[in-house]
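Engineer: Sequence:
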Amino acid sequence: MVWRVTQPTCTRRAARSLVVTVAVAAVLGVAGCSSDDPVKFKDGDHTKPADEASGRDVAEARLVPERALDERQLAASAETIRKRASAGRLPVKSVTVRDGALVVRIGVTTSGDDSRGRLAAIARTGQLSVRAVTTATPYPSATGGPGDTAAPSGGPECGDPAVSRVDDPAAPIVACDDKQMAKYTLAPAVITGVDVAKAEAKAPQGTGGWEIQLDWTQKGQAAFTTLTADAARRDPPANQVAIVWDGRVLVAPMVRSAIPGAAVISGTYTEADARQLAGTIGSGMLPAAFRVESFEPGR
32 MVWRVTQPTC TRRAARSLVV TVAVAAVLGV AGCSSDDPVK FKDGDHTKPA DEASGRDVAE
92 ARLVPERALD ERQLAASAET IRKRASAGRL PVKSVTVRDG ALVVRIGVTT SGDDSRGRLA
152 AIARTGQLSV RAVTTATPYP SATGGPGDTA APSGGPECGD PAVSRVDDPA APIVACDDKQ
212 MAKYTLAPAV ITGVDVAKAE AKAPQGTGGW EIQLDWTQKG QAAFTTLTAD AARRDPPANQ
272 VAIVWDGRVL VAPMVRSAIP GAAVISGTYT EADARQLAGT IGSGMLPAAF RVESFEPGR
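One rule links them: number in my numbering = place in the sequence shown (from 1) + 31.
Because the hints were derived from the structure by calculation, they are not lab data.
One thing to keep in mind: the hints can contain errors.
[What the hints assert, rightly or not] Label pairs and their computed distance ranges (CB to CB): (1) A289 x T165: 18 to 28 Å; (2) G190 x R147: 47 to 57 Å; (3) T257 x A99: 18 to 28 Å; (4) E324 x P219: 19 to 29 Å; (5) V323 x Q104: 16 to 26 Å; (6) V95 x P328: 16 to 26 Å; (7) G148 x P171: 22 to 32 Å; (8) A106 x T165: 36 to 46 Å.
Each residue gets a CB set at the ideal place from its N, CA and C atoms; glycine is no exception.
Work out the full structure: start from the sequences and follow the hints.
Structural biologist: What follows is the structure, given as structure tokens:
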């Protein structure tokens, strides 16, 4: 059984059509995505890798955490970056801890390769939460017309999806959906990343786009079903449920009935985008976001 929930348009202008498909996990044949684990090198190992010896370019980047991390946290972060890179098919050859930062070596396969941008994307914190919508308004706020409602104050500046932040799951927040140009007031989180059992990028037949399927843990599934059942009984916009990623709203679909299954986010995702997002969700949060301090292109 499949439910289709259409993303509401918060503005008066025409907006991109976005469909969030929610499917009962039991009836889906889920095929796992797999890729080779990145090659790992230890600090002090100066042996030339086979790909470099054969002339393949290798770029080197230095990732610096936004706050100081201890050795244990840095080692765990290195493993998380490896997992995210593998899931997103970024050809990372090694991630090592060095002087309070991470040094990442990446195989560069094409002249137009955006390895730096892809690395920056997987170095974000990766905080996921699912929240009930309290209010929804367009931005920039309409002025001068009857019935216009001021956008909720506080929270992030809308319009820049590159801006991210870590929120308190136990507190209400204000967050933006920059694709739908909407600003939301959201209730405390009901579901967080620890409630995701599996995140998988999929290419459904006949849609022309990629999507991300979220399978919940037993606890997460119970919470999601209860949340959607409650939303289905409410009037707009409280009948919407928002999926929030690093402080930005990915989607906030209307809910028409309780959903006892997995959530599948569909939109204008490319294969690379879908794999990257699924890999980041599935690998869990980093203890802090990392920024690319330096990037030396392959020689």
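Engineer: Now look at each hint and say whether the structure bears it out.
Structural biologist: Structure-based check of each hint:
no. : hint                    : result
1   : A289 x T165: 18 to 28 Å : holds, 20 Å
2   : G190 x R147: 47 to 57 Å : violated, 23 Å
3   : T257 x A99: 18 to 28 Å  : violated, 39 Å
4   : E324 x P219: 19 to 29 Å : violated, 35 Å
5   : V323 x Q104: 16 to 26 Å : holds, 19 Å
6   : V95 x P328: 16 to 26 Å  : holds, 19 Å
7   : G148 x P171: 22 to 32 Å : holds, 28 Å
8   : A106 x T165: 36 to 46 Å : holds, 40 Å
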